[in-house]
Amino acid sequence: MFEPTAFFNLEDSFVASFFVECHYVWEVIGHIETHIARLVGDGQQILGEVMPGAYLGKRPLFIAPTAIIEPGAYVHGPAYIGEGCVVRHGAFVRENVIMLPGSVLGHASEAKNSLFLPHAHAPHFNYVGDSILGHRVNLGAGTKLSNLGILSEKDKQTGKRPSIKLEVDGQTFDTGLAKMGAILGDDTQTGCNAVLNPGCVIGARTLIYGTVSLRKGYHPPDSIIKLRQNVRRIDRLDS
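My numbering puts the last residue of the sequence shown at 1096; the count rises by one with no breaks.
Each hint should be verified, as a subset may be incorrect.
Once the Cα atoms are required to be at most 20 Å apart in a straight line, the calculated DMTMM-like pairs of lysine to aspartate or glutamate come out as [said to hold, decoys possible]: (1) Lys1073 / Asp1031; (2) Lys1022 / Glu1010; (3) Lys969 / Asp1026; (4) Lys1017 / Asp899; (5) Lys1073 / Asp1026.
Since the hints were derived computationally from the structure, they do not count as laboratory data.
Given the sequences, and given the hints that come with them, work out the whole structure.
Structure representation (C-alpha coordinates):
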(Lines of atoms letter the chains of each structure in order from A and count residues from 1; the text may use other names and numbers.)
(Lines give C-alpha, C1' and ligand atoms only; values in the text may rest on other atoms or scores of the structure.)
Protein backbone atom coordinates (compact mmCIF):
# COMPACT_ATOMS: atom_id res chain seq x y z
CA MET A 1 0.00 0.00 0.00
CA PHE A 2 2.70 2.49 0.98
CA GLU A 3 5.56 1.42 -1.28
CA PRO A 4 6.91 4.30 -3.41
CA THR A 5 5.88 2.67 -6.69
CA ALA A 6 2.25 2.89 -5.58
CA PHE A 7 2.52 6.69 -5.71
CA PHE A 8 5.14 7.56 -8.31
CA ASN A 9 6.39 6.43 -11.69
CA LEU A 10 9.96 5.36 -10.95
CA GLU A 11 10.98 4.20 -14.42
CA ASP A 12 13.52 7.04 -14.57
CA SER A 13 16.61 5.78 -12.74
CA PHE A 14 17.51 9.24 -11.40
CA VAL A 15 14.07 9.70 -9.85
CA ALA A 16 14.16 6.14 -8.53
CA SER A 17 17.50 6.77 -6.82
CA PHE A 18 15.78 8.85 -4.14
CA PHE A 19 13.65 5.89 -3.07
CA VAL A 20 16.27 3.16 -2.90
CA GLU A 21 15.71 0.95 0.15
CA CYS A 22 12.55 2.88 1.10
CA HIS A 23 9.91 0.34 2.07
CA TYR A 24 7.44 3.08 2.99
CA VAL A 25 7.08 6.14 0.80
CA TRP A 26 7.53 8.64 3.65
CA GLU A 27 10.98 7.29 4.53
CA VAL A 28 12.60 9.45 1.84
CA ILE A 29 11.66 12.60 3.80
CA GLY A 30 14.21 11.71 6.44
CA HIS A 31 16.93 11.23 3.81
CA ILE A 32 16.57 14.39 1.73
CA GLU A 33 19.56 16.02 3.43
CA THR A 34 21.69 12.98 2.61
CA HIS A 35 20.61 13.03 -1.03
CA ILE A 36 21.52 16.70 -1.36
CA ALA A 37 24.96 15.98 0.07
CA ARG A 38 25.31 13.17 -2.48
CA LEU A 39 24.31 15.40 -5.40
CA VAL A 40 25.76 18.76 -4.38
CA GLY A 41 28.70 18.14 -2.09
CA ASP A 42 30.11 20.96 0.01
CA GLY A 43 30.29 23.78 -2.53
CA GLN A 44 28.20 25.77 -4.95
CA GLN A 45 27.75 25.21 -8.66
CA ILE A 46 25.64 27.96 -10.20
CA LEU A 47 25.04 27.15 -13.87
CA GLY A 48 21.57 28.59 -14.36
CA GLU A 49 20.36 32.18 -14.51
CA VAL A 50 20.30 34.06 -11.24
CA MET A 51 18.55 37.29 -12.09
CA PRO A 52 19.50 40.62 -10.47
CA GLY A 53 17.75 41.01 -7.14
CA ALA A 54 17.77 37.29 -6.33
CA TYR A 55 19.76 36.20 -3.29
CA LEU A 56 21.75 33.00 -2.80
CA GLY A 57 22.84 31.84 0.63
CA LYS A 58 26.30 30.49 1.36
CA ARG A 59 25.31 26.87 1.92
CA PRO A 60 25.84 24.11 -0.67
CA LEU A 61 23.84 24.79 -3.83
CA PHE A 62 23.47 23.33 -7.29
CA ILE A 63 21.53 25.33 -9.86
CA ALA A 64 21.41 23.55 -13.20
CA PRO A 65 21.69 25.11 -16.66
CA THR A 66 18.30 26.48 -17.85
CA ALA A 67 17.11 26.89 -14.25
CA ILE A 68 15.99 30.43 -13.38
CA ILE A 69 16.03 32.22 -10.04
CA GLU A 70 13.89 35.33 -10.38
CA PRO A 71 14.38 38.72 -8.68
CA GLY A 72 13.34 38.76 -5.04
CA ALA A 73 13.75 35.01 -4.57
CA TYR A 74 15.94 33.72 -1.74
CA VAL A 75 17.66 30.34 -2.06
CA HIS A 76 19.03 29.59 1.40
CA GLY A 77 20.05 25.99 0.85
CA PRO A 78 21.37 23.41 0.92
CA ALA A 79 19.42 22.84 -2.28
CA TYR A 80 19.47 21.06 -5.61
CA ILE A 81 17.61 22.90 -8.37
CA GLY A 82 17.44 20.95 -11.60
CA GLU A 83 17.14 21.70 -15.32
CA GLY A 84 14.33 24.03 -16.30
CA CYS A 85 13.23 24.73 -12.73
CA VAL A 86 11.93 28.17 -11.84
CA VAL A 87 12.12 29.81 -8.43
CA ARG A 88 9.84 32.78 -8.89
CA HIS A 89 9.79 36.25 -7.41
CA GLY A 90 9.37 36.25 -3.65
CA ALA A 91 9.90 32.49 -3.24
CA PHE A 92 11.93 31.11 -0.32
CA VAL A 93 13.93 27.91 -0.75
CA ARG A 94 14.90 26.90 2.76
CA GLU A 95 17.16 24.05 3.84
CA ASN A 96 17.20 20.67 2.10
CA VAL A 97 15.04 21.18 -0.96
CA ILE A 98 15.37 19.08 -4.12
CA MET A 99 13.64 20.38 -7.23
CA LEU A 100 13.85 17.96 -10.13
CA PRO A 101 13.59 19.11 -13.78
CA GLY A 102 10.72 21.40 -14.69
CA SER A 103 9.45 21.96 -11.17
CA VAL A 104 8.34 25.38 -9.93
CA LEU A 105 8.31 27.20 -6.60
CA GLY A 106 6.25 30.30 -7.16
CA HIS A 107 5.55 33.74 -5.82
CA ALA A 108 5.37 34.01 -2.02
CA SER A 109 5.82 30.24 -1.71
CA GLU A 110 8.15 28.48 0.74
CA ALA A 111 9.67 25.02 0.66
CA LYS A 112 11.64 23.21 3.35
CA ASN A 113 13.04 19.65 3.45
CA SER A 114 10.97 18.59 0.47
CA LEU A 115 11.31 16.71 -2.80
CA PHE A 116 9.70 17.98 -5.99
CA LEU A 117 9.53 15.31 -8.68
CA PRO A 118 9.70 16.46 -12.33
CA HIS A 119 7.20 19.17 -13.28
CA ALA A 120 5.70 19.49 -9.80
CA HIS A 121 4.38 23.00 -9.23
CA ALA A 122 3.80 24.99 -6.04
CA PRO A 123 3.20 28.23 -7.92
CA HIS A 124 1.28 30.69 -5.72
CA PHE A 125 1.31 31.39 -1.97
CA ASN A 126 2.11 27.80 -0.99
CA TYR A 127 3.89 26.22 1.96
CA VAL A 128 5.60 22.89 1.31
CA GLY A 129 7.22 21.48 4.44
CA ASP A 130 8.67 17.96 4.85
CA SER A 131 6.72 16.78 1.83
CA ILE A 132 6.96 14.99 -1.50
CA LEU A 133 5.24 16.27 -4.64
CA GLY A 134 4.89 13.70 -7.38
CA HIS A 135 5.24 14.17 -11.12
CA ARG A 136 3.03 16.99 -12.44
CA VAL A 137 1.46 17.71 -9.05
CA ASN A 138 -0.09 21.17 -8.95
CA LEU A 139 -0.96 23.03 -5.77
CA GLY A 140 -3.73 25.59 -6.06
CA ALA A 141 -3.07 29.11 -4.86
CA GLY A 142 -2.83 29.27 -1.07
CA THR A 143 -2.48 25.52 -0.53
CA LYS A 144 -0.56 24.72 2.66
CA LEU A 145 1.09 21.41 3.45
CA SER A 146 1.26 21.67 7.23
CA ASN A 147 4.09 19.63 8.75
CA LEU A 148 3.79 19.93 12.53
CA GLY A 149 0.82 18.91 14.64
CA ILE A 150 -0.55 21.50 17.04
CA LEU A 151 -0.28 19.06 19.96
CA SER A 152 3.26 17.86 19.19
CA GLU A 153 5.03 19.43 22.14
CA LYS A 154 8.56 18.39 22.94
CA ASP A 155 9.02 15.89 25.75
CA LYS A 156 10.49 17.70 28.75
CA GLN A 157 13.02 14.95 29.44
CA THR A 158 14.13 13.94 25.94
CA GLY A 159 13.49 17.22 24.10
CA LYS A 160 11.94 15.24 21.25
CA ARG A 161 8.54 15.55 19.65
CA PRO A 162 6.28 12.51 19.14
CA SER A 163 6.36 10.91 15.73
CA ILE A 164 3.39 11.09 13.38
CA LYS A 165 1.34 7.89 13.29
CA LEU A 166 -1.21 6.89 10.65
CA GLU A 167 -4.23 4.71 11.33
CA VAL A 168 -5.36 2.72 8.28
CA ASP A 169 -7.95 -0.07 8.45
CA GLY A 170 -7.25 -0.66 12.12
CA GLN A 171 -3.49 -0.83 11.60
CA THR A 172 -1.06 1.74 12.99
CA PHE A 173 1.89 2.92 10.94
CA ASP A 174 4.54 4.88 12.84
CA THR A 175 6.31 7.11 10.33
CA GLY A 176 9.15 7.85 12.71
CA LEU A 177 8.91 11.48 11.63
CA ALA A 178 8.16 14.28 14.08
CA LYS A 179 7.59 16.59 11.13
CA MET A 180 5.77 15.31 8.09
CA GLY A 181 3.71 17.34 5.67
CA ALA A 182 2.03 15.57 2.78
CA ILE A 183 2.89 13.03 0.12
CA LEU A 184 1.04 13.67 -3.13
CA GLY A 185 1.13 10.98 -5.79
CA ASP A 186 1.69 11.70 -9.46
CA ASP A 187 -0.83 14.04 -11.14
CA THR A 188 -2.59 14.99 -7.92
CA GLN A 189 -4.03 18.50 -7.75
CA THR A 190 -5.35 20.73 -4.99
CA GLY A 191 -7.76 23.62 -5.26
CA CYS A 192 -7.17 27.09 -3.87
CA ASN A 193 -6.70 27.47 -0.11
CA ALA A 194 -6.71 23.75 0.62
CA VAL A 195 -4.93 22.77 3.83
CA LEU A 196 -3.38 19.34 4.12
CA ASN A 197 -2.77 18.59 7.76
CA PRO A 198 0.38 16.77 8.94
CA GLY A 199 0.55 13.19 7.75
CA CYS A 200 -1.61 13.25 4.61
CA VAL A 201 -0.65 10.46 2.22
CA ILE A 202 -2.52 10.91 -1.05
CA GLY A 203 -2.63 8.52 -3.97
CA ALA A 204 -1.99 9.44 -7.58
CA ARG A 205 -4.42 11.38 -9.77
CA THR A 206 -6.48 12.61 -6.82
CA LEU A 207 -8.32 15.93 -6.92
CA ILE A 208 -8.70 17.88 -3.68
CA TYR A 209 -11.21 20.69 -3.97
CA GLY A 210 -10.54 24.21 -2.79
CA THR A 211 -10.83 25.17 0.90
CA VAL A 212 -10.75 21.53 2.06
CA SER A 213 -8.96 20.97 5.38
CA LEU A 214 -7.83 17.38 4.95
CA ARG A 215 -7.11 15.24 7.99
CA LYS A 216 -4.03 13.05 8.19
CA GLY A 217 -4.22 9.52 6.88
CA TYR A 218 -4.27 7.59 3.64
CA HIS A 219 -6.40 8.82 0.76
CA PRO A 220 -6.56 6.34 -2.15
CA PRO A 221 -5.61 7.12 -5.76
CA ASP A 222 -8.14 8.39 -8.30
CA SER A 223 -10.23 10.06 -5.60
CA ILE A 224 -12.14 13.33 -5.62
CA ILE A 225 -12.16 14.95 -2.19
CA LYS A 226 -14.84 17.62 -1.79
CA LEU A 227 -16.00 20.02 0.86
CA ARG A 228 -19.78 20.28 0.82
CA GLN A 229 -21.12 23.73 1.58
CA ASN A 230 -24.60 25.16 1.67
CA VAL A 231 -24.62 28.68 0.29
CA ARG A 232 -27.73 30.68 1.06
CA ARG A 233 -28.81 33.96 -0.49
CA ILE A 234 -31.24 36.30 1.25
CA ASP A 235 -32.58 39.68 0.26
CA ARG A 236 -30.84 42.70 1.68
CA LEU A 237 -33.33 44.86 3.50
CA ASP A 238 -32.81 48.61 3.84
CA SER A 239 -32.74 49.82 7.43
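Checked hints:
1. Lys1073 / Asp1031: Roughly 13 Å separates the two Cα atoms, so the pair holds.
2. Lys1022 / Glu1010: Given that 20 Å is the threshold and the Cα spacing comes to 15 Å, the pair holds.
3. Lys969 / Asp1026: With Cα atoms ~31 Å apart, lysine 969 and aspartate 1026 exceed 20 Å; violated.
4. Lys1017 / Asp899: 29 Å, violated
5. Lys1073 / Asp1026: Within the cut-off at roughly 14 Å; holds.
Checked against the numbered hints given earlier, the structure breaks hints 3 and 4 and satisfies all the rest.
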